[in-house]
Amino acid sequence: MSGKVTNDAGGSGEGGEGAQELDAAFFARWMTTAADAVSHEADRLTELDSAIGDADHGGNMRRGFEAVREELGEDVPGTPGAVLMTAGRKLVSTVGGASGPLYGTLLRRTGKALGTGERVGREELAAALRTGIDAVAQLGGAAVGDKTMLDALYPAVEALADSGGKDFEAARAAAERGAEETVPLQARKGRASYLGERSIGHQDPGATSAALLVAALAAADAGQDAATSDSGGSE
Amino acid sequence: MAEANEGKRVGIVLVSHSKEVADSVARLAAGLAGVPDALVAGAGGLPDGGLGTSEELIVEAAHRMDEGAGVALLVDLGSAVLTVKTLLAEGDELPEPARLVDAPLVEGAVAAVVTAAGGGDLAAVAAAAEEAYTYRKL
Numbered sequence: 000m001s002g003k004v005t006n007d008a009g010g011s012g013e014g015g016e017g018a019q020e021l022d023a024a025f026f027a028r029w030m031t032t033a034a035d036a037v038s039h040e041a042d043r044l045t046e047l048d049s050a051i052g053d054a055d056h057g058g059n060m061r062r063g064f065e066a067v068r069e070e071l072g073e074d075v076p077g078t079p080g081a082v083l084m085t086a087g088r089k090l091v092s093t094v095g096g097a098s099g100p101l102y103g104t105l106l107r108r109t110g111k112a113l114g115t116g117e118r119v120g121r122e123e124l125a126a127a128l129r130t131g132i133d134a135v136a137q138l139g140g141a142a143v144g145d146k147t148m149l150d151a152l153y154p155a156v157e158a159l160a161d162s163g164g165k166d167f168e169a170a171r172a173a174a175e176r177g178a179e180e181t182v183p184l185q186a187r188k189g190r191a192s193y194l195g196e197r198s199i200g201h202q203d204p205g206a207t208s209a210a211l212l213v214a215a216l217a218a219a220d221a222g223q224d225a226a227t228s229d230s231g232g233s234e
Numbered sequence: 000m001a002e003a004n005e006g007k008r009v010g011i012v013l014v015s016h017s018k019e020v021a022d023s024v025a026r027l028a029a030g031l032a033g034v035p036d037a038l039v040a041g042a043g044g045l046p047d048g049g050l051g052t053s054e055e056l057i058v059e060a061a062h063r064m065d066e067g068a069g070v071a072l073l074v075d076l077g078s079a080v081l082t083v084k085t086l087l088a089e090g091d092e093l094p095e096p097a098r099l100v101d102a103p104l105v106e107g108a109v110a111a112v113v114t115a116a117g118g119g120d121l122a123a124v125a126a127a128a129e130e131a132y133t134y135r136k137l
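Here the protein sequences line up with chains C and Y, keeping their order. Residues 0 to 234 in numbering that gives the first Met the number 0 are what the first sequence lists, from first letter to last. Residues 0 to 137 in numbering that gives the first Met the number 0 are what the second sequence lists, from first letter to last.
Calculated from the structure, these hints are not laboratory results. Bear in mind the structure is a predicted one, so any value in this text is a computation, not a measurement. Hints should not be assumed to be uniformly reliable.
Okay, derived cross-link-like pairs now, DSBU-like style, lysine-lysine, Cα gap no bigger than 30 Å in a straight line [claimed, not checked]:
#1 K84(Y) to K111(C)
#2 K111(C) to K188(C)
#3 K188(C) to K7(Y)
#4 K165(C) to K111(C)
#5 K188(C) to K136(Y)
#6 K84(Y) to K7(Y)
Ranges of calculated distance between the beta carbons of each label pair, as one might list FRET restraints [to be verified]:
#7 A50(C) to A88(Y): 23 to 33 Å
#8 K136(Y) to P183(C): 34 to 44 Å
#9 T115(C) to S23(Y): 45 to 55 Å
Cβ-to-Cβ under 7 Å is the rule here; a few derived chain Y residues that face chain C [said to hold, decoys possible]:
#10 L81
#11 T82
#12 K84
Glycine included, C-beta positions come from ideal geometry on N, C-alpha and C.
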């Protein structure tokens, strides 16, 4: 548990409750960790999507997040907000399915809400994430219980907010549980909703990929770069 | 309303998951409307020709169809709707003014092309396309 950049920064900041400990490198690491997770789980996402969708979720998400990885590998923007806005922009332009505008909106609105500071605090991140998730709900016209990514994202951000923005691990667990709890739900949004009751009994692919994104946040926080690539874009 | 456009026509972009659908509906609309040089284009599928929605193709078509009187975007479903909504909500990639029209793709495209060719402004084109929802077939 040796301190990485984020922890060092917390110690040298203004201190106290409002420590601005998360920097652009942390957010870039979140995105590349997410790219690792999405690539690793792409087949599973597609398998879930083949049950109730059009079997393209894994490929679409992998294409999008690999493009994000490439973009951030060339140049990491200077602020947390800019990292997320750049990543979101890339997802919208590369995913090719509904998850592009949905995840793109999530990251762009979250990034926008983070503002232009070079560092942000954990409570700020929790609040910004809620803003981003609300934007996704509005774009898709969906709510919790519709068997969508929101069923993972809202429990995650609530767990995060409940801990004052500190407990990323609780957010990860809540997102994973939320994704699992989509199994008995009937889809009310997206292509799966055409299946009616036949959508019951399958885990929602969007909630599953959303849980991966939250897990990547927790992994980035723990300093566990899931794979070999580093966020710093050293090559 | 023709005067308001100063002779410029409203552009129409048809967004579908399929390139063939988008391009064919564009040709169908121009043909049925009797306007061979109609300012209508398809933005369908992914750049590689696969099924999906491409922000890049939508933005490119919107600029190609933009004469300065605005662009109406008609869409099929799912990611086509969400991608255009996202483009309108964020950023400045689409020409101004651009509008997502809540209309059936085929019937709406015909109504939009007829109205645009007659000099209708963006609001009139959108209204005509939206009204296509009320054309009952039974």
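Results of checking the hints against the structure:
Between K84(Y) and K111(C) the alpha-carbon distance is near 18 Å, which keeps this suggested pair within the 30 Å criterion. Distance restraint check for K111(C) and K188(C): the Cα-Cα separation of roughly 26 Å lies within the 30 Å cut-off, and the hinted pair is therefore satisfied. At most 30 Å may separate the alpha-carbon atoms for a hinted pair to count; K188(C) and K7(Y) exceed this at roughly 39 Å. In summary, the hint linking K165(C) to K111(C) is supported, as the alpha carbons are separated by about 21 Å, within the 30 Å threshold.
With a C-alpha separation of about 27 Å, the suggested pair K188(C) and K136(Y) falls inside the 30 Å cut-off, and the hint holds. Between K84(Y) and K7(Y), the direct Cα distance comes to roughly 25 Å. Compliance with the 30 Å bound is thereby established for this hinted pair. A beta carbon spacing of about 31 Å between A50(C) and A88(Y) agrees with the range 23 to 33 Å that was offered as a hint. About 38 Å separates the C-beta atoms of K136(Y) and P183(C), a value consistent with the hinted range of 34 to 44 Å.
For the pair T115(C) and S23(Y), the beta carbons lie near 46 Å from each other, so the given range of 45 to 55 Å is met. A cut of 7 Å between beta carbons decides the hint on L81(Y): the least distance to chain C is about 4 Å, and the hint holds. Satisfaction of the interface hint for T82(Y) is found here, the shortest Cβ-Cβ separation to chain C being roughly 5 Å, below the 7 Å cut-off. The criterion of a C-beta within 7 Å of any C-beta in chain C is met by K84(Y), whose closest approach is roughly 6 Å, and the hint holds.
In terms of the numbered hints stated before, the structure departs from hint 3 and from no other.
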